[in-house]
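2 protein chains.
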Amino acid sequence: MIRQRIGKLQASLRRRKLDAILITEPQNRQYLSGYTAVDHGIQETSGVLLIPVKGTPYLLTDSRFVLQAEEEAIGYTVELYPKGLYACLKRLLPGLGVKRLGFESHYFLHSSVAKMEKMANTIDVKSVPLTFVVERMRVIKTKDEIQALKKSVLLNERVFQLVYNTIEPGMTEIEIGLALELTMRELGAEGPSFDTIVAFGTNAAKPHAVPTDRVLKSGDIVLIDMGLILQGYCSDMTRTFVAGKPDTTYLERLRVIRKAQLAGINTIRAGAVCRDVDRAARRVIVNAGYGDFFGHGLGHGVGLAVHEEPRLGPRSRKKLRAGMIVTIEPGIYLPEWGGIRLENMAVVREDGCEVLNEDVTGLDL
Amino acid sequence: MIRQRIGKLQASLRRRKLDAILITEPQNRQYLSGYTAVDHGIQETSGVLLIPVKGTPYLLTDSRFVLQAEEEAIGYTVELYPKGLYACLKRLLPGLGVKRLGFESHYFLHSSVAKMEKMANTIDVKSVPLTFVVERMRVIKTKDEIQALKKSVLLNERVFQLVYNTIEPGMTEIEIGLALELTMRELGAEGPSFDTIVAFGTNAAKPHAVPTDRVLKSGDIVLIDMGLILQGYCSDMTRTFVAGKPDTTYLERLRVIRKAQLAGINTIRAGAVCRDVDRAARRVIVNAGYGDFFGHGLGHGVGLAVHEEPRLGPRSRKKLRAGMIVTIEPGIYLPEWGGIRLENMAVVREDGCEVLNEDVTGLDL
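Sequence lines, in order, name chains C and W.
Note that the numbering used here has the first sequence beginning at 752, numbered continuously upward.
Note that the numbering used here has the second sequence beginning at 752, numbered continuously upward.
Treat the hints as calculated values from the structure; they're not laboratory data.
A portion of the hints provided could be inaccurate.
Note that the list lumps identical chains together, so a pair holds whenever it fits in one copy or between two copies.
With a straight-line Cα cutoff of 30 Å, these simulated BS3-like cross-link-like pairs (lysine-lysine) come out [unchecked claim]:
(1) K759 - K901
(2) K1069 - K841
(3) K869 - K1070
(4) K877 - K850
(5) K866 - K1070
(6) K1069 - K866
(7) K901 - K1070
(8) K877 - K866
Sequences are here, hints too, so could you generate the full structure?
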């Protein structure tokens, strides 16, 4: 699998007349090498791939990661850079005959490029900015990847159900968030794919609410947005419900969101334009009079990263292709009242899409 | 507090003949505004500060974060960028009279700078790369910040002790890691400041080991590197011990590491050169014959970020100053055997340093 991916990347280097590429983006690194180390932010990398247009690829890292690198990155030569990445490149590149070196412009700091160019000049190498070369490979998932994503989604659903069954007035947002993250890991996930959102009542009006010690009261809205990482692959799901008996306003608004979600889902197929999918869902919300309260895009891709291409937003003219994965997550947010969001994940097929969630919403529309 | 910080930054802008600065680095953003939103990687910001050389500063964000931004960033004007950051800047900068705009070169993607420059050209603005302007302010901690860091360190110690008391053969690395992170959050921490390391036996030979389902056996080394975030401030601590009775090899090596740590601590004072502190500790390890097995630097700064300036490494010629915070964390890593690391945090004083940890090592040297 990894050998095929490298082969495809090398073919793309050849077309661009590049002798090698540096891979700095962590999920691209994992995709191309199997190396799973996590970076502590862009300023602290746990390693960089140097993939020449032919021959053995290199994983450049430091002594803290060398054992993990050697265990995981099969087919790679692991090199240490005790004097830093640029000193290491200066030593390696001439021997590999590299004259034109691609780098990931969208995951390379402006200040680091300056350092790299300074080094490159001394050995007569030209650095060439590239964007999203590996991301374009990642956006179409193989059958195995779709299976892995489905497992991640179903485990996420299971975690939700287990914790959902224990939720009762008196619990705090933080307590529920903790229970979700603990259950994820007890059931085998590597961890959450993003900071779990648990928001009660008016807190649900913040699409990216941070859990607080607010106590759940009967009648409160509960919005939970959660995802986990299972064998590298992410899930992402949002559920909204009411503790106790929902009132008619809530039920009316919930139906609007659910209808919007179904409108989006029914528009997804290979060849559909991303903004048309967003528009189909958005129209339902606008027509119901809530257009001003749906401020974000309809969805995004999911894979090794929880947010990746494609984006289902009002300005995206890109076309969906079979094998892409997207979330469909319409929502409305009313500061004095609260919010509702529903989010599922689906795989794009030639003639439609397949929702990966069990989606037991109990909504009869 | 925040007003003073902004004033200091504005004075620095004046000296550099800049009309405004964009703050993209998340901890700098928090330091200058109080806004605590977390970024999901550099490609997904939850907001950017635009601080003019005089007048009201702006927090630019999107609708997902607007309520949190307005609650937290007192004294800021919150502006949304529904059409993206650069369209928003294009609209705001002319009215503010900005001709020279600083940006954080060390936290700005190469591809984003290209987009910003394209926008800036159309409105006759020059973008000026800067590095570590706010980081240089952050490196010296105030009395209040030192208090906050001490609280974070002591809570971290307490979490360790609580979980330490429950550790027994049969537990896995993942179980102990989970117990630590759960206890952190139950006791009021926002979360871990980095992925908790729990490593048994030979796994402890990886300085950045990832917890596995390896089962603890009597006689195994246990290395735990853990930290938490409490009211924004990070802690970072490593403890190594043996499940059951340690053998003489372990005890001999543990004493070496402890002596190295004390040698480092005894060298820290305002005016000391960072690499001299590293060298004092390293010499103990080299003299004991383990020089090849201590591959990382002695320590690093801690504050709003868990890794920040200053770096106590063999190549750093910078001088320590009073009010800096550093870790002192010598270690040795022997692939066939395991590893030992001890890590405390200390505040640099004029005439020495004050260790913030309780440091109940039970080591009688």
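Against the structure, the hints come out as follows:
{"no.": "1", "hint": "K759 - K901", "verdict": "within (25 Å within a copy, 52 Å between copies)"}
{"no.": "2", "hint": "K1069 - K841", "verdict": "between (39 Å within a copy, 26 Å between copies)"}
{"no.": "3", "hint": "K869 - K1070", "verdict": "between (40 Å within a copy, 27 Å between copies)"}
{"no.": "4", "hint": "K877 - K850", "verdict": "within (6 Å within a copy, 32 Å between copies)"}
{"no.": "5", "hint": "K866 - K1070", "verdict": "between (38 Å within a copy, 24 Å between copies)"}
{"no.": "6", "hint": "K1069 - K866", "verdict": "between (35 Å within a copy, 20 Å between copies)"}
{"no.": "7", "hint": "K901 - K1070", "verdict": "within (23 Å within a copy, 53 Å between copies)"}
{"no.": "8", "hint": "K877 - K866", "verdict": "both (13 Å within a copy, 22 Å between copies)"}
The structure is consistent with each of the numbered hints, conforming to all of them.
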